[in-house]
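A.B. asks: As a plain string of letters, each chain reads:
2 protein chains.
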Amino acid sequence: MLSKNKIKLIQSLDRKKIRDSSGLFLVEGNKMVEEALNSDFRIESLICTAGFLDQHPGIRSKANEVIETDSETIRKASLQQNPQDALAIIHQPSPANSELDLSKLIIALDFIQDPGNLGTILRIADWFGIENIICSENTVDIFNPKVVQASMGAIFRIKTQYTRLEDFLSKAVQSKIPVYGTFLEGKNIYSESLTTNGILIMGNEGNGISDEIEHLVTGKLFIPSFSSGKGSESLNVAIATAICCSEFRRR
Amino acid sequence: MLSKNKIKLIQSLDRKKIRDSSGLFLVEGNKMVEEALNSDFRIESLICTAGFLDQHPGIRSKANEVIETDSETIRKASLQQNPQDALAIIHQPSPANSELDLSKLIIALDFIQDPGNLGTILRIADWFGIENIICSENTVDIFNPKVVQASMGAIFRIKTQYTRLEDFLSKAVQSKIPVYGTFLEGKNIYSESLTTNGILIMGNEGNGISDEIEHLVTGKLFIPSFSSGKGSESLNVAIATAICCSEFRRR
Numbered sequence: 001m002l003s004k005n006k007i008k009l010i011q012s013l014d015r016k017k018i019r020d021s022s023g024l025f026l027v028e029g030n031k032m033v034e035e036a037l038n039s040d041f042r043i044e045s046l047i048c049t050a051g052f053l054d055q056h057p058g059i060r061s062k063a064n065e066v067i068e069t070d071s072e073t074i075r076k077a078s079l080q081q082n083p084q085d086a087l088a089i090i091h092q093p094s095p096a097n098s099e100l101d102l103s104k105l106i107i108a109l110d111f112i113q114d115p116g117n118l119g120t121i122l123r124i125a126d127w128f129g130i131e132n133i134i135c136s137e138n139t140v141d142i143f144n145p146k147v148v149q150a151s152m153g154a155i156f157r158i159k160t161q162y163t164r165l166e167d168f169l170s171k172a173v174q175s176k177i178p179v180y181g182t183f184l185e186g187k188n189i190y191s192e193s194l195t196t197n198g199i200l201i202m203g204n205e206g207n208g209i210s211d212e213i214e215h216l217v218t219g220k221l222f223i224p225s226f227s228s229g230k231g232s233e234s235l236n237v238a239i240a241t242a243i244c245c246s247e248f249r250r251r
Numbered sequence: 001m002l003s004k005n006k007i008k009l010i011q012s013l014d015r016k017k018i019r020d021s022s023g024l025f026l027v028e029g030n031k032m033v034e035e036a037l038n039s040d041f042r043i044e045s046l047i048c049t050a051g052f053l054d055q056h057p058g059i060r061s062k063a064n065e066v067i068e069t070d071s072e073t074i075r076k077a078s079l080q081q082n083p084q085d086a087l088a089i090i091h092q093p094s095p096a097n098s099e100l101d102l103s104k105l106i107i108a109l110d111f112i113q114d115p116g117n118l119g120t121i122l123r124i125a126d127w128f129g130i131e132n133i134i135c136s137e138n139t140v141d142i143f144n145p146k147v148v149q150a151s152m153g154a155i156f157r158i159k160t161q162y163t164r165l166e167d168f169l170s171k172a173v174q175s176k177i178p179v180y181g182t183f184l185e186g187k188n189i190y191s192e193s194l195t196t197n198g199i200l201i202m203g204n205e206g207n208g209i210s211d212e213i214e215h216l217v218t219g220k221l222f223i224p225s226f227s228s229g230k231g232s233e234s235l236n237v238a239i240a241t242a243i244c245c246s247e248f249r250r251r
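Chains as they are written, first to last, in the numbering used here: chain A, 1 to 251; chain B, 1 to 251.
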C-alpha cells in the first residue's frame, strides 16, 4: 500500500527546497525507472504495479523498499499527465569530487532556465559522448522532475556539477584550455578549426552568454543562418547545443 | 471590451475541430503578435492593452477589429501560463496551390505527434532557409496553439501542406528527386555526399519513419552516436532535424 504520507513526499519532490533537504528526486515511467534500476543510483522507493514487478524479475533487491500498488494509486501520486506502471524515489548522488578530465570536451551552461531545455541538453551530451556538464549556480536544478523526464535517462549517465562558472572558466583559461561560445560576431563554426578538448558554453534562452562569462571566451563561434530575408532571429539553445556538438565531433 | 463570446472563441481555438470549421487560429504574446502584424496573414481580431497600442502606432489598420482591454482580461482569455499584453485571432492561409520548387531542400514529416517538436522544427527550417514543409495527414495540426507558440514566428514564414505522404514521395521518386531519411542502418551523414535539393523525411517520435514511407527512401542516412557504452538510444526528432539540416547546408 502506498501511504498518504508517501504520496505527499512524491509530490513534494516537485519543489527544489524539498529535494535539497531530503537529497531525493523523482523518476517516472517504466523506461526511466528501468534505467534507474540499471544505474549506480541508490533507489529509496520503487512504487509499481504487480505487472511491472512480474516483467522485471530480481528488481526487488535493487530498491531499499518496494511498494506494490495499482495504476489508479500511481495516477494519484504522479506528477505526469500520463503515468505508467512505475515511479521511483531516488537518492541524488553526492557531487563528484574527482578532477574533471580537461582533455575532453565539456559543456558549461550559463543560466539555462527551462527544464525541458536542460533535459534535452543532457540527452544530446549523452549522444555525443560528453561526460561532464558544468552548470552555473542559477541554472535550473538538474533534479527538477521536468529535467529528469526530458533527459530520457541521460541523467543517470552524465556527471553534472553546479559551480561559480566565472571561477571555473578563469582557471580553465589560465590552464590554456580553449573556451568556446556562440556569438553573433563569432567565426563560422562550419569552417573554423575546433580542438578536440575544450569547454563549450551555452547561454541563457533569452540573453545568451552573460557579460561576465563572455570575456573568458577564447573561441567565439557562430552558427550561420541560411534564411533569406527576415527569418528566425535565433535557434533554441538545445538546438544550438546539438549543432555545436555535432561540429565538434564530426571532425 | 472583450465579450464573453469572444473569450469563448479564443479558448475554443485550442480545439482542431473549431479551428477547421472557423478557419482561424490563435497567436499569443507581444513578439508573436508583432510578427503576425508584419506578416501577410489576415488578422481578424487584435486583443491588446492600451500600452501595446501606444507602442505600435498604426497597427489599428492591420486588423479587422481591435479590442482594447486590460491585462487581467487578457489573462482570463489566454491559454498561456504567462500571458502578455496582446493576442490575436488570425485567418489560416488557404493551402498553397503553387507547385513546390523541387530544386530546393524540402522537409517532409511522417506522423510528428508532439506540438512542441513541430513548432521547433518550423523554427529550425526557418533558420536553415527551408521554405516548405510537407506533413503527413496524421501529423499534429500546425495551427495548434502549442505549435504556433513553439515556432517563435516561423509559422508566418514557412509554407506547410498536409498530404498523403506516400503519394507525394512516390511522385518525387519518379521524378528522380532524392529522398532522404535517417535509419539505424543508414550511411554516416558526416561522410556521405548530399545533394543540395531533395526531400528530408523526419519520422515519428516513437517509431521513426513508417514502413510504407521507408521503401520510398533513396538515401538512408545515420547520425552516429559518440557515446561509449550504453548511451541514449535516440535523439529527439527536432534535434535530429537540426543536425540533418546543418549537414545539408554546411557543404
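Be careful, since some hints might not be right.
Since the list can't tell identical chains apart, any single copy or any two copies may satisfy a pair.
[What the hints assert, rightly or not] Below, computed lysine to any residue pairings styled on SDA-like, alpha-carbon distance capped at 25 angstroms: (1) Lys8 - Gly208; (2) Lys187 - Ser39; (3) Lys62 - Gln174; (4) Lys104 - Asn188; (5) Lys146 - Asp14.
Because the hints were derived from the structure by calculation, they are not lab data. These figures come from a predicted structure and were not determined experimentally.
A.B. asks: A separate judgement is required for each hint: does it hold in the structure or not?
C.D. replies: To see whether the hints hold, each was checked on the structure:
no., hint, result
1, Lys8 - Gly208, "neither (38 angstroms within a copy, 38 angstroms between copies)"
2, Lys187 - Ser39, "neither (40 angstroms within a copy, 31 angstroms between copies)"
3, Lys62 - Gln174, "neither (44 angstroms within a copy, 56 angstroms between copies)"
4, Lys104 - Asn188, "both (22 angstroms within a copy, 23 angstroms between copies)"
5, Lys146 - Asp14, "both (9 angstroms within a copy, 23 angstroms between copies)"
Figure legend: structure checked against the earlier numbered hints; hints not met, in rising order: 1, 2 and 3.
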